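There are 2 protein chains.
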Amino acid sequence: MTSPPRAPAVQDPPAKFVYDFTEGHRGLSGLLGGKGANLAEMTRLGLPVPPGFTITTAACREYLRTGTPPPALRDEVSAHLDALERRTGRRLGRGADPLLVSVRSGAERSMPGMMDTVLNIGLSDTSVRSLAAQTGDERFAWDSYRRLVQMFGETVLGIEGDAFADRLADAVAQAGAADETGLAAGQLERLTRMFQDLVCERTGRPFPQDPREQLDLAVRAVFDSWNGPRARLYRRQERIPHHLGTAVSVCAMVFGNLGQDSGTGVAFTRDPATGQQGVYGDYLRNAQGEDVVAGIRNTVPLAALERLDPASYAELLRLMEVLENHYLDLCDIEFTIERGRLWMLQTRVGKRTAAAAFRIAVQLVDQGLIDEAEALRRVSGEQLAHLMFPRFDSGAAPAPLARGVAASPGAAVGVAVFDPARAVARAARGERVILVRRETTPDDLDGMIAAAGILTARGGKTSHAAVVARGMGRTCVCGAEELRVDHAARTATTADGTVVREGDVLSVDGTTGRVYRGEVPVVPSAVVEYFEGTAPPDADDLVAAVHRVMGWADAARRLGVRANADTAADAARARRFGARGIGLCRTEHMFLGERRALVERLILAEDDQGAQRALAALLPLQRADFRELFSAMDGLPVTVRLLDPPLHEFLPDLTDLSVRVALEHRDEDVRLLAAVRRLHEQNPMLGLRGVRLGLVVPGLFAMQVRAVAEAAAECRAAGGDPRPEIMIPLVGTVQELEIVREEAEEVIAAAAEAHGTRLDIPLGTMIELPRAALTAGQIAEHADFFSFGTNDLTQTVWGFSRDDVEASFFAAYLEKGIFGVSPFETIDTDGVGSLVRAAALAGRAARPGLKLGVCGEHGGDPDSVRFFHEVGLDYVSCSPFRIPVARLEAGRAATAAP
Amino acid sequence: MTSPPRAPAVQDPPAKFVYDFTEGHRGLSGLLGGKGANLAEMTRLGLPVPPGFTITTAACREYLRTGTPPPALRDEVSAHLDALERRTGRRLGRGADPLLVSVRSGAERSMPGMMDTVLNIGLSDTSVRSLAAQTGDERFAWDSYRRLVQMFGETVLGIEGDAFADRLADAVAQAGAADETGLAAGQLERLTRMFQDLVCERTGRPFPQDPREQLDLAVRAVFDSWNGPRARLYRRQERIPHHLGTAVSVCAMVFGNLGQDSGTGVAFTRDPATGQQGVYGDYLRNAQGEDVVAGIRNTVPLAALERLDPASYAELLRLMEVLENHYLDLCDIEFTIERGRLWMLQTRVGKRTAAAAFRIAVQLVDQGLIDEAEALRRVSGEQLAHLMFPRFDSGAAPAPLARGVAASPGAAVGVAVFDPARAVARAARGERVILVRRETTPDDLDGMIAAAGILTARGGKTSHAAVVARGMGRTCVCGAEELRVDHAARTATTADGTVVREGDVLSVDGTTGRVYRGEVPVVPSAVVEYFEGTAPPDADDLVAAVHRVMGWADAARRLGVRANADTAADAARARRFGARGIGLCRTEHMFLGERRALVERLILAEDDQGAQRALAALLPLQRADFRELFSAMDGLPVTVRLLDPPLHEFLPDLTDLSVRVALEHRDEDVRLLAAVRRLHEQNPMLGLRGVRLGLVVPGLFAMQVRAVAEAAAECRAAGGDPRPEIMIPLVGTVQELEIVREEAEEVIAAAAEAHGTRLDIPLGTMIELPRAALTAGQIAEHADFFSFGTNDLTQTVWGFSRDDVEASFFAAYLEKGIFGVSPFETIDTDGVGSLVRAAALAGRAARPGLKLGVCGEHGGDPDSVRFFHEVGLDYVSCSPFRIPVARLEAGRAATAAP
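Listed in order, the protein sequences are those of chains P and E. Under UniProt numbering, the first residue of the first sequence carries the number 1, and numbering increases by one thereafter. Under UniProt numbering, the first residue of the second sequence carries the number 1, and numbering increases by one thereafter.
Please keep in mind that the hints were generated in silico from the structure rather than gathered at the bench. Because the structure is a prediction, the values reported are computed rather than measured. Be aware that one or more of the hints could be misleading.
Said to hold, decoys possible - Computed Cβ-Cβ distance ranges for the label pairs, DEER-style:
hint, chain 1, residue 1, chain 2, residue 2, range
1, E, Leu619, P, Arg230, 28 to 38 angstroms
2, E, Arg438, P, Leu592, 36 to 46 angstroms
3, P, Val670, E, Asp496, 56 to 66 angstroms
All residues carry an ideal CB built from backbone N, CA and C; glycine is no exception.
From just these sequences and the hints, can you work out the full model?
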């Protein structure tokens, strides 16, 4: 047999490393970066974008791999540069009207720590004079050259910025000027020479005069900055792969600083704060973009441009409409007017507040621009959660005392306290406390727990204060850098000298990062009032928008949403918030308060009879609890988890009691101490709890199962429709479940018979140990449902005790980028998630139709909800307050772009 | 296109439910049970087996599935019964010479709690008379019938045994006889009638007179007994699937109780105690098999048969040789001589002591009967471990005071103490203590830790005492039921009234289960002396056998064996025992003793400088430790694990210190208490330890890495060949490893440069968290090796803190069959093992040739070693004492039948 002739080897055409702005489009952001792709898109739309081209991320990747730019890149850049020169009729850094270009980095996602921009590439000792002659503005030309040498020196050649800044300050001082704008052309020329000397001194080479060399070095510097330490850290934190690389856009310069008919500005197609359509933005006359960002000079509202340059203003409004109708969203635009001519330098879909997001999404639907599924993609559960916090009455708020990072949302009012011990003491006296610290450490934990709000002067979203506050649900503003905190003096001083002393009242807004002096009135969230049913769906336009979006989400979602609720009151609230059942009722909460004495009797019982008497006394109390709960959730499932925590949680603390016994020697304490010692565990999280307790303490689970069954029978007898489900916690192996299940079935059958009714009570298990997930197929054969306990699963998969590790090292881990986000906030899909996925598959394979839910706190976390949808769970269960968030995210997940 | 004509559907012949003894063979034990398969094998070999047939496990399974015997079974049994009657020339329970049969259960593995045997099926009010006439022995006939009614009543009809026993005792008393052998024929007849009345009274039906009905009921009872509670529990404990079912063998009766020319006995082809070839066993004249087992009458040594019945004796010896040459192993035989004719009733490969196992294996190789691979299969690591414990000098031992379950091996001598608190107190005074308890509970833990040996009167291998003692490595005998323990009186009394009082010396042999009064001299293990090199390989025949078997194992094994060793002394010992390197050096042990003060300084340091000074002081000490270790293992790898435990382990206990502060108010204690509180963790196992510590405490890991690198450089300078490997503990995510690795590489490079040498030190990680296993592919990209820390992995996969749970509920779990064996003893292949397997695969896929080891205690456990071999690890690492066991099991694993 002969094989067919092989096709001759064909060489792929070499990859194209450079795209003209006329070639790309916004779909190519992976290749051209966000900036490059949007420049290409605007060019494609016929908007006035200065001509230019983008060097692809592929070129960067090749550079990072080999250490040198790909050989083909030089020629491609030359070809595109020639084309650019032909189109503009100018030559880069040469001739009477020299072409200057900007070089800007642009990864798919913008990234702090990367080199951003070098402007005015092309200026040299020669071309600076041509520029002066051509523009007729010698000062402008030298200032541009001065800026190039400075920017190039800093970002491309790596000379520390202070060296330039010091020389600039000296020059300003010598000239007797107020600031650099007071320097004349000659002074700027001298300064530029000094900068060039500095470059030569530091690099051993003169400032490059060849414009192409400037360009190539700048491109290479952008590539290198991809691997700068801050960029690497940011990528670790954000889980952006290191291999992606950045693109580089090269764009012909236009100048907003060529006189009063020039200027630069930013514009938004809608108000990013409220979502209202209109003209929003700022404009700065006779200035370059960096001046707007630097905030050196005062901008005017964009509307003022109508008076200053009506033609450009009208053109800008027209282009804004083009962009919004094209992007179908709020656009954020940078523009420059050069001597009366409008140029678009950048656009992107704009950031917005939570309220604006909901309003804009609904408006766009009403305008027929997007459909409801797209509207769901335009809002997020996190935004909805922000709208649900009480907030300060903005009308009544004074000017903020300070601003910091909005680290953990909420509105907290209290007296400033500068020391954790005093925070505990004052809180114990009933005061509401704001703990103010330079930064927090694990030693501050008690104080943080006692405080209503936390304010720090240092640290960002991943600082200890931020991480711990979020974990505990405390309001927190951190990194309010204008505050000088003096722990010894117990004061915080603002930049303008205002002093906050211990005991002064502060209002801390963890949603906006603002801090106010005095008590700012708190207004409840209208959105929550709407969910509670105390405000109508048309209470205001925000509520109306939320109402409609929630309707779309509920219609779209496939995931059910249940509540974690232990009391009838919580259950009723959850139901108002849209829960369709209870996914987790923790029975341990029913053993607290006065009942603790009964549990103590159970634990201290000397024989089995004593223990059974204690259980018998608990039975009617539990039964009554369940009856109330089933009534509150009548007609909907209520998943009751049998007792989970170790018994010693119901007894006094070992250390406290030991000290008391040592000091007071009371007989009853001595006896109690013996029991506490006996039950003491090194690692109670990994000890005698959950199903283990049920297997070791005779009658405990049977009592609970009986209480559930009898409560159900009684509710039914009273005309109700109780739907209990019983969940067995901490199962690690199917044998545990088999034994408990057998006993539970007997107890239920006996209760049903005694009440003359039929009780179909599903018996399921938590999957909260790695072993349960790994053997889910075996366990499913004896379980009517699985509920993933992702809190405990996270603890065991990572080997973390949440109580211990959040305070001790999570902040360090987030700062080093070891975590992108705490795995207790958002499910760790690689680790914990992979077990959930595998267990769901194995469980359903062993028992088709097995009901799958999740009842860890992740059930109310937006990103996690999307994961649970994707994995195919039937429902999530979360705290009542989080239910709307879960509903929304479940709807979004169901409409996610594939 | 036409498809080829299909073959006409052929119906499978119906499954065959009954095999004649002439049809099966020993390979069919899954179908015929162990007993049935061996009866068939002996029949096939032409040995004199009474004819019979076996009902298969398939029939049982069908019965268990449907609740009734398969319809075809009745006819098949009839056909085989007909054949049996034809062959014997007798009819079941009919005629002048009625055929009687035995019905015996026989699963693939023998199983306590299942119905065992019913003899004499076929006897009825009619046939008993024929039997009397035929044998000429009326007493024999009625005694046989009495036994049938009793056995049938108890095991088939479920009447409690006491009801029969009471009537029997009454009859003996009325007859004025010493025991039942004193009853005459008439008395036995009356007793039989009374038994029949009892049956009728209890079951409402007369004792069945139809022999076939007797047979069918007995078969059904055997089937039912498969699901008896004890059998189910045993299967749960032993992980035998519930669906297998049992076979039933039906065999023509032969009688050893037909006079002085009859008898019954057991024989072994070799001495099961020593392995010596010869004639071993017991014989009982004029008796049935059950009499031998019951021990009612005294047996004679088998050799006596030569005098009593030389022909049968010679025949027996011949058959024993046939069997041994056929089974190629020690055979354990049951036989009966009926009026001078020898019948073989059962054979199986016999149990033997550890010493016998080694001797027999070597002998069989020398006889050319088996090869070396087969010899390895004939011994086990557990047997070798038993040979390595010191033992009591059997020559010097008195008669045992009591016997119990050999629960945890070893030979312990000490004073009897009956209370855990006093055990602690006496041990603190330096006494060696044997804790004697009725049974132990978690409250006894302190006393168990303090004791050299533990002795209980109740409980088996899975009792609390046994489980905890094995976990702690304490010698333990439990369930010594002849002892009455009186805790209040502090005495233990034997059946013969001997009283042991507190303070009396006891010697407890945990390897044999024997307990002696007084101090029995302990002799060291000759096998250990051989491994230590202090005894030659030919010290005695046992040592010689072990020496040869170890040679075969080493030649066969693919797994490397390393030691867990922290000191040069341990390393040297491990090397003598055959370790080829250290797989785990725990550096925390180097921080104890006087150095604890330095660690305390590190922890209490008020600033970074203080901490760095403390680290600097530790550096030379660590370096010296490593130098010694590398020298002891010169030329072999030494894996150093960086500091793992939480820092507070180096500080005083929180509760103790709190009490001291409350009572004494010393300033230095107050300061220390603040640090202890700060570092206190709810669940230290899941807290700030391992790599987390390395990332949070600046300079800690760097100091350790530097000590390793400098020690290696110094050893090399001194002409040595140090081969350190550095292992990073508790990694959960690759980011942790990346950061630590980067720092370590810098430190190593700096040390190498400073010493003018090259240092290639592999950097690897423990895989001891589920998340590390689940993301092993990512981690492997930054790890030179993996070492599975299966102790911690077991703790997190199951959510067990070993310190807490072994005492609190493992005994209950083993007793309920939730565990077959503690997952800390033998790796849990379904859970922990599945992660090890997946991580090994993912790691090697990401980094081909990645070196994989295990350093948990499972590395020295026989079953676990086989698993690690199967998963493809490169080495196991275990405590020095376990190294020979690991070597042997690694060799066995490599030669395991596929």
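Status of each hint after checking the structure:
Restraint check, Leu619(E) to Arg230(P): a C-beta distance of roughly 32 angstroms satisfies the suggested window 28 to 38 angstroms. At about 37 angstroms, the beta-carbon gap between Arg438(E) and Leu592(P) stays in the expected band of 36 to 46 angstroms. Under the hint 56 to 66 angstroms, the C-beta atoms of Val670(P) and Asp496(E), about 42 angstroms apart, miss the expected range.
Of the numbered hints listed earlier, the single one contradicted by the structure is hint 3.
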